[in-house]
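Participant: Single-letter residue listing:
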Amino acid sequence: MLGYIVRRLLLMIPTLIGVTAVVFLVMAYSPGGFGGVSADVEGNRTAGDEARRQQQLLKARYGTDLPKPVQYMRWLNQVSPVRFEMSADRARRAMLADEEGDPELVAQRAAAERVIVASGLAERETVRTQLLLQALRLSTYRGEPAERSAATLVALLSAPSEALRPPETGPDPPVGVARDLLDEIGADPDDAQRSRQEVAEAEGDGAKRRVLLGEIDFHFTGLNRVRFDRVRVGWPDLGADLERRPVLGRIGDALPVTLLLNALTIPLIYVVAIVFGVYAARGKGGWLDTGSSVLFLALWSFPVIGAGVLIVSYLASDNYLPWLPTAGLSSPDAADMPFLPRWGGDDGFVRGWLLDRLWHLVGPVLCLTYGGFAVLTKIMRGAVLDNLSADFARTARAKGVAPNEVLWRHVVRNSLLPMLTIVSNLLPALLVGSVVVERIFSIDGMGNLAVEAAFSKDRELLMGTTLIVSAVVLLSELLRDLLYAVADPRVSYE
Amino acid sequence: MSEPAALRNRRAQRVRRRAAPRSFFGRVGMRLLGSWGARVGLAWVGVVAALAIFAPVIASSYPLLWREPGGAWTSPLLNELTPTDAVLLWLALSLGVTAWFGSASRPLRLAAALASAVATVIPAWWFVARRSLEAARASGDGVALGVVTYWVGGAVVLLTLVALGSMLRRHRGVLVASVAMAVLGAATMLGLRIEPSLAPVYSEYREAVDAALEQQKPVPRAVWAPIPYSPNDSLSDRSIRDTLAPGYGPTQADVAERLVRDVKTLTDDLTPTTDIAVLVRGGNAGPTEDATQPGHAAPSRDEAEVTVEEVTAWAWARADAWAKANPRERSRLKRLEARIDTLASTRVKDRLHVMGTTVDGQDLASRMVHACRIALAIGFVATGIAVVIGVIVGGAMGYFSGWVDLVGMRLVEIFASIPTIFLLITIVAVYGRDLYLMMAVIGLTGWIGYALFVRAEFLKLRKAEYVDAARAGGAGLWRIWLRHMLPNGVTPLLISASFGVASAILTEATLSFLGLGLVNEPSWGQMLQNAREGLAGSGAWWIAVFPILAIFLTVFAYNLIGEALRDALDPKSVRPGG
Chain A
0 MLGYIVRRLL LMIPTLIGVT AVVFLVMAYS PGGFGGVSAD VEGNRTAGDE ARRQQQLLKA
60 RYGTDLPKPV QYMRWLNQVS PVRFEMSADR ARRAMLADEE GDPELVAQRA AAERVIVASG
120 LAERETVRTQ LLLQALRLST YRGEPAERSA ATLVALLSAP SEALRPPETG PDPPVGVARD
180 LLDEIGADPD DAQRSRQEVA EAEGDGAKRR VLLGEIDFHF TGLNRVRFDR VRVGWPDLGA
240 DLERRPVLGR IGDALPVTLL LNALTIPLIY VVAIVFGVYA ARGKGGWLDT GSSVLFLALW
300 SFPVIGAGVL IVSYLASDNY LPWLPTAGLS SPDAADMPFL PRWGGDDGFV RGWLLDRLWH
360 LVGPVLCLTY GGFAVLTKIM RGAVLDNLSA DFARTARAKG VAPNEVLWRH VVRNSLLPML
420 TIVSNLLPAL LVGSVVVERI FSIDGMGNLA VEAAFSKDRE LLMGTTLIVS AVVLLSELLR
480 DLLYAVADPR VSYE
Chain B
0 MSEPAALRNR RAQRVRRRAA PRSFFGRVGM RLLGSWGARV GLAWVGVVAA LAIFAPVIAS
60 SYPLLWREPG GAWTSPLLNE LTPTDAVLLW LALSLGVTAW FGSASRPLRL AAALASAVAT
120 VIPAWWFVAR RSLEAARASG DGVALGVVTY WVGGAVVLLT LVALGSMLRR HRGVLVASVA
180 MAVLGAATML GLRIEPSLAP VYSEYREAVD AALEQQKPVP RAVWAPIPYS PNDSLSDRSI
240 RDTLAPGYGP TQADVAERLV RDVKTLTDDL TPTTDIAVLV RGGNAGPTED ATQPGHAAPS
300 RDEAEVTVEE VTAWAWARAD AWAKANPRER SRLKRLEARI DTLASTRVKD RLHVMGTTVD
360 GQDLASRMVH ACRIALAIGF VATGIAVVIG VIVGGAMGYF SGWVDLVGMR LVEIFASIPT
420 IFLLITIVAV YGRDLYLMMA VIGLTGWIGY ALFVRAEFLK LRKAEYVDAA RAGGAGLWRI
480 WLRHMLPNGV TPLLISASFG VASAILTEAT LSFLGLGLVN EPSWGQMLQN AREGLAGSGA
540 WWIAVFPILA IFLTVFAYNL IGEALRDALD PKSVRPGG
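Taken in sequence, the protein lines are chains A and B. Here numbering that gives the first Met the number 0 is used: the first residue of the first sequence is 0, the next is one more, and so on. Here numbering that gives the first Met the number 0 is used: the first residue of the second sequence is 0, the next is one more, and so on.
Hints were generated in silico from the structure; no laboratory data involved. Some clues are possibly wrong.
Computed, partial: chain A to chain B, Cβ under 7 Å [stated by the list, open to error]:
1) V25
2) S300
3) A449
4) L473
5) L477
Covered by chain A, according to a simulated footprint, are these stretches of chain B (three or more residues, beta-carbon under 8 Å) [as the list claims (entries may be wrong)]:
6) 419-427
7) 517-530
8) 546-553
9) 558-569
A short list of chain A residues far from chain B (calculated; beta carbon distances all over 12 Å) [claimed, not checked]:
10) V69
11) E84
12) D228
13) A262
14) K398
Values in this document were obtained by computation on a predicted structure and should not be read as measured data. Beta carbons are placed, not taken as given, at the ideal position from N, Cα and C, and that holds for glycine.
Extracted from the complex, chain A is given alone in its bound form (with noise of 0.2 Å):
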């Protein structure tokens, strides 16, 4: 059993790989590309300096001007648990050599530190951090000692403006270096002078000084280096979205909340299936069984969107039934409630945070709900159907069990064998329920984050989403066939 589910996460490899270069590759050959604001929807380049400034940190920071395969490699390497190193990555490390206790990167960032440290600019701690990091990432990025990086770093910040543009006399060395390094970052001479002069301007204003040099920081991050020469085992890193947000810790905010919508979902429409299902084909032909199955046709067409449009506007408002919560997962105040409803005291009745939250998932999970149990229903009847004239129930009643009893201790235990094998098929369809759900309903989870990222073509936090998602559905894919072979003996992946 062990070794199938190896072989199974194995498998789910490729298929991972596959999934995300459909969606990178949709996106980095769409019009306008990653980072939306490039381009307007008809395509037409947005002019304007913000555009150009917009779509060159974008080159720094995804490397677009990269051929777009490699981007996806690129951003492979990055989200795989086995890796190459990146030039960012040594130099997180090198910020931390204490703690990893590696003598030669401690005396670099030792003397790195002792660089910036002399040179004045970095009087506040924040800064010298900052200053210390980009040395170090510097030095990791062109292989050279982190104390020349630094110092490097040093003249570039305090050299006059106008001695970076490109001169016609030889420069000095250290104002050269700068314009090389400028150079390499692939930043317009305007638009860094720009910068330079701001920091110049900024020479006493520590806060201002931490904006730009976080400005820096973001044109470094695209120079992202692979060490072929160096591989590191970790976890897997999802990077950040547009604003900076890591995105692990977006989707590890949003995840459980659709989970949480699901997990109660799939319970109920089970139970309201198997009821109706075994009912429905105990009396085949009859009305309920003709009742249910229309009725459940027509809930299975009735869309969702409207559904939740009436909900929200008729049972949610103030002018008609004011009897659900509006929009969200929690009233505001939830986070002072008590946890347990409590009756007595001061203020009578509390209702506690479990049944507030309970209160707003109303609405959510009944749209979620009453679409999924047509398909479910009609797999219910037709497998006690079958099973109620097969051998096993036959011979049970031969030998004179109560027919209630065949029903349900016989027949029915053995029909929940096919509702199993559908739970993978609810999954994907209730992830297409909940974008629309969490929009009506305005609730912070994977589908609300996924239209997001698709608006803004923000390409870390859309491959993000499309990777867990896939993995949440193929892990539950597994989850399928294992429970298969705990329910029936008979079946072996031996």
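With chain A's structure known, arrange chain B on it following the hints.
Facilitator: This is chain B only, laid out in the frame that chain A set:
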């Protein structure tokens, strides 16, 4: 009219054949029509299709026939048809003619159908090619597209003609008749010189009638479409147009409500209006702060029944009071007076909006009718694309087996675990709003189910003796697939295509609802998206309920057909005598 003996003989033969056991599909069709679900579903789809085809004639702001006093009859509506409208209308008409041949022989019917196809293709190609050539010349960078359209379209026309000729070599009379029909149709359509205006003025003809009435001149004679409003006509010539309830409008209450609302906005009165009657009749007492208890709804507007005169009097009093208080704001006072004037002179209940109007003042019924097109087109085209890809990929997997199957299965696995809706949203958000793109994308992401069905069938059939025989006989790959294997494995495809159409319609509605649909053309999902604003503001239920009903009924119809097909094709469910 005396029938030739040969024809009579053939008819007798056909009667005899009808009594004999039918083909497999014939039996399935009979069984399908036997279930009431399929009948209801097919009937509704037929209604939607009819509405979709005849939409421009059913709902348009342009009169079908129009005559200025002393002038000749013209047809503004026909002039405003787009090439698509014209082609669809002509197709429907000529298919109607074909149906009229219903009792004729099979080649005759085939010829009539082909003729109508030719008659449709020629003008369609002409319009599209001419337009794209013109556009290419105008813009300069689309020359290639124009040329391609011209030549590819021309090739299609030529091929259709060749097919027609070769099929009808034996029936020369029929050939002459159908070519004549085709030429006649094409000539008529070209003669119509269909040139829709680029910036249509929807109110043109309404205003002409109104002006004539006002000046007491002879009124132009007009025959209007059943719904005399175009889908994008936002009734800009009317003082009250937004969110009118279904029925004859605007009512007294509508006028009163807008008067109160506009006067309040223009005089910076921010107090909420709870009851117009109390406000107007209570004089200057101001709005009563009646705390509406939850569950105790405010009295409806009909109970209060304030007349327009009453409200107008109140409005003038308010305006005077405000003018005294703010003597400097002359321009705003002028606007206020103009607004009260227009609203007070509104003719009450002078027009019929069967389903009310939207927030932007467009007639909802007209939009509903025109939206049928997108629903129908999306359903069929997207599913068609998905089925074709599914048959090709699944067929290759099942037929060749081996490594093709292995690679294909990985492909299927990849597409099965991509969250389709994410991919759809991404592509549509990135590549822009376009109906054809949406169809293509829905099709491109939905073929997995079909591919798996076809693969399973082909895996079973590839070793069948008749397939071996066909291969030994030297039949080509396509011939083996399409003529020998596919017909034997097509039944599960039919069922799931029927459900596929339903889900394509739902997908389009969902995308439109997320704001990714078309902008200019109405679709049910897009109307539902607009409905959220209407519902939040003024409780205009009709804006949401009608599109929801339309989506629901259409999807339900396709699902009913699918279920009925499944029952009809399921050997286990055949009832005795069924």
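Participant: Residue count check for the segment 558-569 of chain B against chain A: does it reach three with CB-CB under 8 Å?
Facilitator: holds (count 3)
Participant: Apply the coverage criterion to the segment 546-553 of chain B and chain A: a residue qualifies when its Cβ sits closer than 8 Å to a Cβ of the chain, and three qualifying residues are needed.
Facilitator: Per the Cβ count (4), the hint holds.
Participant: When the nearest CB of chain B is found for A:L473, is that gap smaller than 7 Å?
Facilitator: Given a least distance of 5 Å, the restraint on A:L473 holds.
Participant: For A:A262, is the shortest beta carbon distance to chain B beyond 12 Å?
Facilitator: 18 Å, holds
Participant: For A:D228, which was marked as not at the interface, is the minimum beta-carbon distance to chain B over 12 Å?
Facilitator: 32 Å, holds
Participant: Does A:V69 clear chain B by more than 12 Å, comparing its Cβ with all Cβ atoms of that chain?
Facilitator: Fine: 21 Å to the nearest Cβ keeps A:V69 off the interface.
Participant: Count the residues of the segment 419-427 of chain B whose CB lies closer than 8 Å to any CB of chain A, then report whether that count reaches three.
Facilitator: Per the Cβ count (7), the hint holds.
Participant: Should the hint that A:A449 touches chain B count as held when the rule is a Cβ pair under 7 Å?
Facilitator: Since chain B brings a Cβ to about 5 Å from A:A449, closer than 7 Å, the hint holds.
Participant: Counting residues of the segment 517-530 of chain B that have a beta-carbon nearer than 8 Å to any beta-carbon of chain A, does the count reach 3?
Facilitator: With 3 residues in contact (Cβ-Cβ under 8 Å with chain A), the coverage given for the segment 517-530 of chain B holds.
Participant: So, A:L477 near chain B? Judge it on the closest CB pair being under 7 Å.
Facilitator: Violated, because the Cβ-Cβ distance from A:L477 to chain B comes to roughly 11 Å (cut-off 7 Å).
Participant: Does A:E84 clear chain B by more than 12 Å, comparing its Cβ with all Cβ atoms of that chain?
Facilitator: Holds, because the least Cβ-Cβ distance between A:E84 and chain B comes to about 29 Å, which exceeds 12 Å.
Participant: Verify the interface restraint on A:V25: the C-beta must sit less than 7 Å from at least one C-beta of chain B.
Facilitator: 6 Å, holds
In the structure shown, a violation is registered for the earlier hint numbered 5 alone.
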